[in-house]
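Peer 1: Quick note, the sequences are listed as chains A, B, C and D, same order. First residue of the first sequence: 190, per our numbering; consecutive thereafter. First residue of the second sequence: 190, per our numbering; consecutive thereafter. First residue of the third sequence: 190, per our numbering; consecutive thereafter. First residue of the fourth sequence: 190, per our numbering; consecutive thereafter.
If you're looking for bench data, these hints aren't it; they were derived computationally from the structure. What you are looking at is a predicted structure, and each value in this text was computed from that prediction instead of being measured. C-beta atoms are modelled at their ideal positions from N, C-alpha and C, and glycine is treated no differently. Hints may contain errors.
Claimed, not checked - Derived lysine-lysine pairs resembling DSBU-like cross-links, with alpha carbons at most 30 Å apart:
| id | chain 1 | residue 1 | chain 2 | residue 2 |
| --- | --- | --- | --- | --- |
| 1 | B | 396 | D | 229 |
| 2 | A | 396 | A | 303 |
| 3 | C | 396 | D | 357 |
| 4 | A | 458 | D | 248 |
| 5 | C | 303 | C | 396 |
| 6 | A | 357 | B | 396 |
| 7 | A | 248 | C | 396 |
| 8 | B | 303 | B | 396 |
| 9 | A | 229 | C | 396 |
| 10 | D | 248 | B | 396 |
| 11 | C | 396 | D | 303 |
| 12 | D | 229 | D | 248 |
| 13 | A | 396 | B | 396 |
| 14 | C | 357 | C | 458 |
| 15 | C | 248 | B | 458 |
| 16 | A | 229 | A | 248 |
| 17 | D | 248 | D | 396 |
| 18 | D | 458 | D | 357 |
| 19 | C | 396 | D | 458 |
| 20 | D | 248 | A | 248 |
| 21 | B | 248 | D | 303 |
| 22 | A | 396 | B | 303 |
| 23 | C | 229 | C | 248 |
| 24 | A | 357 | A | 458 |
| 25 | B | 357 | B | 248 |
| 26 | A | 396 | C | 229 |
| 27 | D | 458 | B | 229 |
| 28 | B | 458 | A | 396 |
| 29 | D | 396 | C | 458 |
| 30 | B | 248 | B | 229 |
| 31 | A | 396 | C | 248 |
What the hints assert, rightly or not - Okay, the calculated beta carbon distance ranges per label pair:
| id | chain 1 | residue 1 | chain 2 | residue 2 | range |
| --- | --- | --- | --- | --- | --- |
| 32 | C | 380 | D | 448 | 29 to 35 Å |
| 33 | B | 260 | C | 527 | 26 to 32 Å |
| 34 | A | 382 | B | 300 | 44 to 50 Å |
| 35 | D | 214 | A | 444 | 55 to 61 Å |
| 36 | A | 230 | C | 472 | 20 to 26 Å |
| 37 | A | 525 | D | 494 | 57 to 63 Å |
| 38 | D | 284 | A | 334 | 54 to 60 Å |
| 39 | C | 472 | D | 362 | 39 to 45 Å |
4 protein chains.
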Amino acid sequence: MTERVRVGVVGATGYTGAELLRLLLGHPHAEIQAVVGHSKAGEPVSSVLPSFRGRLDGKVEAFDAASLAERTDVCFLALPHGASAQTARALRAEGVVVMDLSADFRLRDPATYKTWYGEHAAPELLASAVYGLVELAREDLRTADLVAVAGCYPTASTLAAAPLLHAKLADPQSIIIDAKSGVSGAGRSPSPSTQFSETAEGLRAYKTGGTHRHVPEIEQTLSAVASETVRVTFTPHLVPMTRGILATVYATPARSGVTAEEATAAASKLYAGSPSVTVLDPGTNPDTAWVRGSNRAFVSYGVDARTGRIVGQSVIDNLVKGAAGQAIQCMNVRFGFDEGAGLGAVAVWP
Amino acid sequence: MTERVRVGVVGATGYTGAELLRLLLGHPHAEIQAVVGHSKAGEPVSSVLPSFRGRLDGKVEAFDAASLAERTDVCFLALPHGASAQTARALRAEGVVVMDLSADFRLRDPATYKTWYGEHAAPELLASAVYGLVELAREDLRTADLVAVAGCYPTASTLAAAPLLHAKLADPQSIIIDAKSGVSGAGRSPSPSTQFSETAEGLRAYKTGGTHRHVPEIEQTLSAVASETVRVTFTPHLVPMTRGILATVYATPARSGVTAEEATAAASKLYAGSPSVTVLDPGTNPDTAWVRGSNRAFVSYGVDARTGRIVGQSVIDNLVKGAAGQAIQCMNVRFGFDEGAGLGAVAVWP
Amino acid sequence: MTERVRVGVVGATGYTGAELLRLLLGHPHAEIQAVVGHSKAGEPVSSVLPSFRGRLDGKVEAFDAASLAERTDVCFLALPHGASAQTARALRAEGVVVMDLSADFRLRDPATYKTWYGEHAAPELLASAVYGLVELAREDLRTADLVAVAGCYPTASTLAAAPLLHAKLADPQSIIIDAKSGVSGAGRSPSPSTQFSETAEGLRAYKTGGTHRHVPEIEQTLSAVASETVRVTFTPHLVPMTRGILATVYATPARSGVTAEEATAAASKLYAGSPSVTVLDPGTNPDTAWVRGSNRAFVSYGVDARTGRIVGQSVIDNLVKGAAGQAIQCMNVRFGFDEGAGLGAVAVWP
Amino acid sequence: MTERVRVGVVGATGYTGAELLRLLLGHPHAEIQAVVGHSKAGEPVSSVLPSFRGRLDGKVEAFDAASLAERTDVCFLALPHGASAQTARALRAEGVVVMDLSADFRLRDPATYKTWYGEHAAPELLASAVYGLVELAREDLRTADLVAVAGCYPTASTLAAAPLLHAKLADPQSIIIDAKSGVSGAGRSPSPSTQFSETAEGLRAYKTGGTHRHVPEIEQTLSAVASETVRVTFTPHLVPMTRGILATVYATPARSGVTAEEATAAASKLYAGSPSVTVLDPGTNPDTAWVRGSNRAFVSYGVDARTGRIVGQSVIDNLVKGAAGQAIQCMNVRFGFDEGAGLGAVAVWP
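Just chain A, with the same shape it has in the complex (with noise of 0.2 Å):
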């Protein structure tokens, strides 16, 4: 087992960034070699980030991958989709390990992405890159030299909805996702949808109707669960909340009698090596604040009693378990460390 990984963090300067260099501050095998920012290269990073004045310091540094690859064994990449597939390609080139937290490297096939996202800048990648949902890949991730972290909503919408799939309790092609986020997914760049002002004390639904980039990354892992094609309804939803996602997932049983405490067995033995994912006894609703600023998520099961329909929720904090957290665990995977090392810490509540 290596004791210490040095660590590069790309695109350090917004939210992800910044969560990723707290956790990475607390982790006991890292060490933080190097912040990367673009617009800020330069400023120091306690004027950009004030939270780390005092723990971290230094300025932020332009992007130099020969300078990385000297310092650094693994770098996360925190960056704009296209962007992203650049940058981990002039790393994978000196030999650092990525840990890509865009869209980048999620989708398998070019086609795909090209609908969805554009042109893909650095396609020769795509077949080396392991998706980064650990729950679901973590024998793949051992030895991956490219991760495409999981992103935010997949995470919380799979880690509900696969065991059902996998234990072939639900229709595959019944899924229905309510996902409801909290603003800071919409990242640190200032828009008017996410002003103080039109956010708080509102709700709403967005990119409804199947429109959201991040519905062909769900049904790319469900499908895969369930051995066929998979296409869900996605409905995503802004809470005026800073952090969390929950995802409340609605089936069709694949057969009669289904019941919650199936549905809990079958996620219960998923997740069981999980450091992570916490299933929750049939009726216990989970709250996203019961994850706040953790790298925790919790799962729950219900059947309703008056259709039938099976109903399952989990909630996640979108910049931990949803991104910087997710992340710290394919590295822990990645690098043969305890995979909860430095991810330890329950959620601050309240």
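The hints should help you fit chains B, C and D onto chain A, whose structure is shown.
Peer 2: For chains B, C and D alone, coordinates are given in the frame of chain A:
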């Protein structure tokens, strides 16, 4: 047409009561004659409801049916179930028109009421009560002396779902309602689950699996619209905002090829006469912030491109169109006023 | 008395513009004739301000002074400083009465204006402008054709401090104003500092040390009240709420033995004619929630038992009594309407 | 140096208790041996504090001093005043070191305690208690067996004000503290004033005029620093956020020409040895979001250009540096651990 109507508000010191007083103060035909409360009787209105200081003087008075009958034409009851039935009986015996905002007269079948609430306190009045969701009961309300004002979740849910069933666009047995509510729906009584610190920055489902008391109310109305017994899957969620409900409704089309335009047209037709409901163009997602403080509802329809499912949405302010405003809209119909009298305000935005 | 007044709102698509439209729609004497905007000209009002959909149709129009002069008696300007002065000049040249909500005509002294804002764009109009804090300028407003509507912080600060100076209860040089504002005061333009994720669940001071542009405005008014040059310490804070300002004002008594009752009496006397300001009993602490969405202000006084200092408090809704409502109150005075016309609503609470 | 310390948390089911457990779980030298509660005794920890499910199993136990003495070296008391004094006495009698987070041992003078809290339940222990604001009492804490952990407002207020008095930069009798706190400071017991709907989107002062119980605690500490009896004006405000205190402190310079740089230097010197307090450059305004979930404090100084007054600011998380974190910091000093052990995390931002 009556020019003036004398009104009393019973249970005036809770959130719904306060909202009734706020709206009635601005109503062109209403005169507030009595502010009635139980636990706060004898206290100045301005100490119980400080925002009314200087606008509504006098004291909270104890309930006295005879006295109210002398001074009022109509009373609004914002009371807990059970208490409301008894109060309604006393007022009806004195000839006062009653707008009851509790659940006591909403369920037509006493057996159903008993299952969800216990023994009914005034079953002899059930037959005369008219369910007060104005858009679906306008004609009956014109002569109603006892109105069972629709609940908040049922209003939001029904406004989105009813057009689909009314126009036979959706399979009546396929309705899934994922509803999200602000915290004020839980009322003014302090509770651990509605404390700021345990509610802000968090999100959770509750009363899942068909156990929320609004389920039979929704099913009763949708069954009437569909002319068959409808069972729904209903999942309420608590959102960290004070006011607002967003109901996201999923339905399987009754036939292939149902379009968002058809659903939109069906809703536009059903709500043509309403001063409250505005139907949005397909693809426009409403925000609860657009109705905050107003008696308005926005409904919208889409069809999921990947699965063909219909997705309907509706937003209301739970304290206005979901309670106080709806009650006043019922009163307007009953007393022959313009249906939107006193209810014309747009949302307080941002 | 004029029965009807035709109004235009220039800069209608920001928060203050929207609030003007909301209040004017409910005003018994106002007819909205023009909704004017710059960047959104040509777009439907309902797409820029969705909460108005179905209540205010038509398009945002570009500014045209001559056209506005034909259709309106008075225009409200909700524009950035600089732009506002030029627009006011064009409208005044056409004879339109102007209610300017910018800072352009608030400072009497062009040199002071230059220090804080730069060169004045229409200095020749300064002499005719009347400062629109109605409670302190009612008589002058009756004939004012150009009103410099008071700013949000100056309104809250002055309402609390002025009675102490007017009645000579406080040392004029001892005034410290610790002001706390909701986020909507920063306007609708997206900015990093007003993003939900960086504003919710946090609190900070800003523009400290006497650098906020509202300082000279506050000092100008308090100097006039005190008949001497007053310098204040003013610290604004940003609070995670959309609307509301609370100004906490500290003052050293002008003589020993000044009581809260004296301060309360002084305020009651000064604000006796106001439909907006309510003076609370000593020891009652106002809440910004009591004025949310309303044109009301609550002021309150206490004396600190340990140090003898006077502590005054005032709360307003920054978008109403701090902007749009105050402007309409000025219009009411100018056109001879009841001063509180269209402004009678109590707060939207909770 | 002791390598391991066995700890108990008494009153573990409130907000401060939960925060103690969260931080102690991540502490390198602490072993949680007992989770003690009164009303929840016998219930699983995971049902009372769901965010700990899977991380802290077992049940809440009833208080038993002898049993705790066998299993723990130190107990943290997160109890109401009065109850805390009695519990501390029982534990001290058994030789257990006590970190008391209540107010019971903070005031040196039993007469002052009686004025503000009533008769003291264990006055014989007062002489041995050390006031636990680490930065001002580090040496005394090394041998303290009973620590009166500083309150939240006193910590924030003192951190900002003490350097000014310690360096004789400010007139000790001129201190005005305008403090703003998140809602969690009010504790977990449901109350009307901390309900979400009545707290969100509103702001208010409370316990004004020198009536808040933290006033004598602040004065006691500042008097010791200033070597004279100090009286302060202290106004607490309730802000719609869960965590965080910002204290804005106003002071008259002790002599002319006091600069922000002098104040900053004084603070830097006073807090040189602290792993918790970071002094910002003049003109940098701290945000409570920079300390959320962390044991950090930021302090900052400016001088008002117009009046010459010194304005100091400090931010803390009331549940961490204002309670649980500070208590652990005291424990670290007492048991010879690194002072920042287990407290190194940066804020959860955003």
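Peer 1: Next, verify each hint and record whether it holds.
Peer 2: Now for the hints, and whether the structure bears them out:
For the hint pairing residue 396 (chain B) with residue 229 (chain D), the CA-to-CA distance comes to about 23 Å; that is within 30 Å, so the pair holds. Distance hint between residue 396 (chain A) and residue 303 (chain A) is fulfilled; the C-alpha atoms sit about 18 Å from each other, no more than 30 Å. Distance restraint check for residue 396 (chain C) and residue 357 (chain D): the Cα-Cα separation of roughly 26 Å lies within the 30 Å cut-off, and the hinted pair is therefore satisfied. Simply put, residue 458 (chain A) and residue 248 (chain D) have alpha-carbon atoms about 26 Å apart, close enough for the 30 Å limit, and the pair holds.
Annotation: proposed proximity of residue 303 (chain C) to residue 396 (chain C) holds, straight-line Cα distance about 18 Å (limit 30 Å). As the CA atoms of residue 357 (chain A) and residue 396 (chain B) are separated by approximately 26 Å, the hinted pair is consistent with the 30 Å bound. For the hint pairing residue 248 (chain A) with residue 396 (chain C), the CA-to-CA distance comes to about 26 Å; that is within 30 Å, so the pair holds. For the hint linking residue 303 (chain B) to residue 396 (chain B), the alpha-carbon distance of about 18 Å falls within 30 Å, and the restraint holds.
The straight-line distance between the Cα atoms of residue 229 (chain A) and residue 396 (chain C) is roughly 23 Å, inside the 30 Å bound, and the hint therefore holds. Restraint check for residue 248 (chain D) and residue 396 (chain B): satisfied, since their Cα atoms lie roughly 26 Å apart, inside the 30 Å limit. At roughly 42 Å between alpha-carbon atoms, residue 396 (chain C) and residue 303 (chain D) are farther apart than 30 Å, so this suggested pair is violated. Simply put, residue 229 (chain D) and residue 248 (chain D) have alpha-carbon atoms about 9 Å apart, close enough for the 30 Å limit, and the pair holds.
Distance restraint check for residue 396 (chain A) and residue 396 (chain B): the Cα-Cα separation of roughly 28 Å lies within the 30 Å cut-off, and the hinted pair is therefore satisfied. Between the alpha carbons of residue 357 (chain C) and residue 458 (chain C) the distance comes to roughly 13 Å, so the proposed pair stays at or under 30 Å and holds. Note on residue 248 (chain C) and residue 458 (chain B): the hinted pairing holds, with a Cα-Cα distance of about 26 Å set against a maximum of 30 Å. Distance hint between residue 229 (chain A) and residue 248 (chain A) is fulfilled; the C-alpha atoms sit about 9 Å from each other, no more than 30 Å.
Between residue 248 (chain D) and residue 396 (chain D), the direct Cα distance comes to roughly 37 Å. Violation of the 30 Å bound is thereby established for this hinted pair. Between the alpha carbons of residue 458 (chain D) and residue 357 (chain D) the distance comes to roughly 14 Å, so the proposed pair stays at or under 30 Å and holds. A hinted pair counts as satisfied when its Cα atoms are at most 30 Å apart, and residue 396 (chain C) with residue 458 (chain D) qualifies at roughly 26 Å. For the suggested pair residue 248 (chain D) and residue 248 (chain A), the alpha carbons sit about 48 Å apart, so the restraint of at most 30 Å is broken.
This hinted pair does not check out: residue 248 (chain B) and residue 303 (chain D) have alpha carbons roughly 38 Å apart, beyond 30 Å. With a C-alpha separation of about 42 Å, the suggested pairing of residue 396 (chain A) with residue 303 (chain B) is violated against the 30 Å cut-off. For the proposed pair residue 229 (chain C) and residue 248 (chain C), the alpha carbon gap of about 9 Å is at most 30 Å, so the pair holds. Distance check on the hinted pair: residue 357 (chain A) and residue 458 (chain A) sit about 14 Å apart at the alpha-carbon level, within 30 Å; holds.
For the suggested pair residue 357 (chain B) and residue 248 (chain B), the alpha carbons sit about 52 Å apart, so the restraint of at most 30 Å is broken. Under the criterion of a C-alpha separation no larger than 30 Å, the hint pairing residue 396 (chain A) with residue 229 (chain C) is consistent with the structure, at around 23 Å. Simply put, residue 458 (chain D) and residue 229 (chain B) have alpha-carbon atoms about 56 Å apart, too far for the 30 Å limit, and the pair is violated. A distance of roughly 26 Å separates the Cα atoms of residue 458 (chain B) and residue 396 (chain A); the hinted pair therefore holds under the 30 Å criterion.
The suggested pairing of residue 396 (chain D) with residue 458 (chain C) holds, with an alpha-carbon distance near 26 Å, which does not exceed 30 Å. For the given pair, residue 248 (chain B) sits about 9 Å from residue 229 (chain B) by alpha-carbon distance, which is consistent with the 30 Å threshold. For the suggested pair residue 396 (chain A) and residue 248 (chain C), the alpha carbons sit about 26 Å apart, so the restraint of at most 30 Å is met. At about 31 Å, the CB distance of residue 380 (chain C) to residue 448 (chain D) agrees with the hint of 29 to 35 Å.
The hint said 26 to 32 Å for the Cβ distance between residue 260 (chain B) and residue 527 (chain C), and at roughly 28 Å that hint holds. Distance hint check for residue 382 (chain A) and residue 300 (chain B): the Cβ-Cβ separation is about 48 Å, which falls inside the suggested range of 44 to 50 Å. Range check, residue 214 (chain D) to residue 444 (chain A): Cβ separation about 42 Å, and the 55 to 61 Å hint is violated. Take residue 230 (chain A) and residue 472 (chain C): their Cβ atoms lie about 55 Å apart, and the range 20 to 26 Å is violated.
Between residue 525 (chain A) and residue 494 (chain D), the C-beta spacing of about 59 Å keeps the proposed range 57 to 63 Å intact. The hinted range of 54 to 60 Å is satisfied by residue 284 (chain D) and residue 334 (chain A), whose Cβ atoms lie roughly 57 Å apart. Checked against the hint of 39 to 45 Å, the C-beta distance between residue 472 (chain C) and residue 362 (chain D) comes to roughly 24 Å, which is inconsistent with it.
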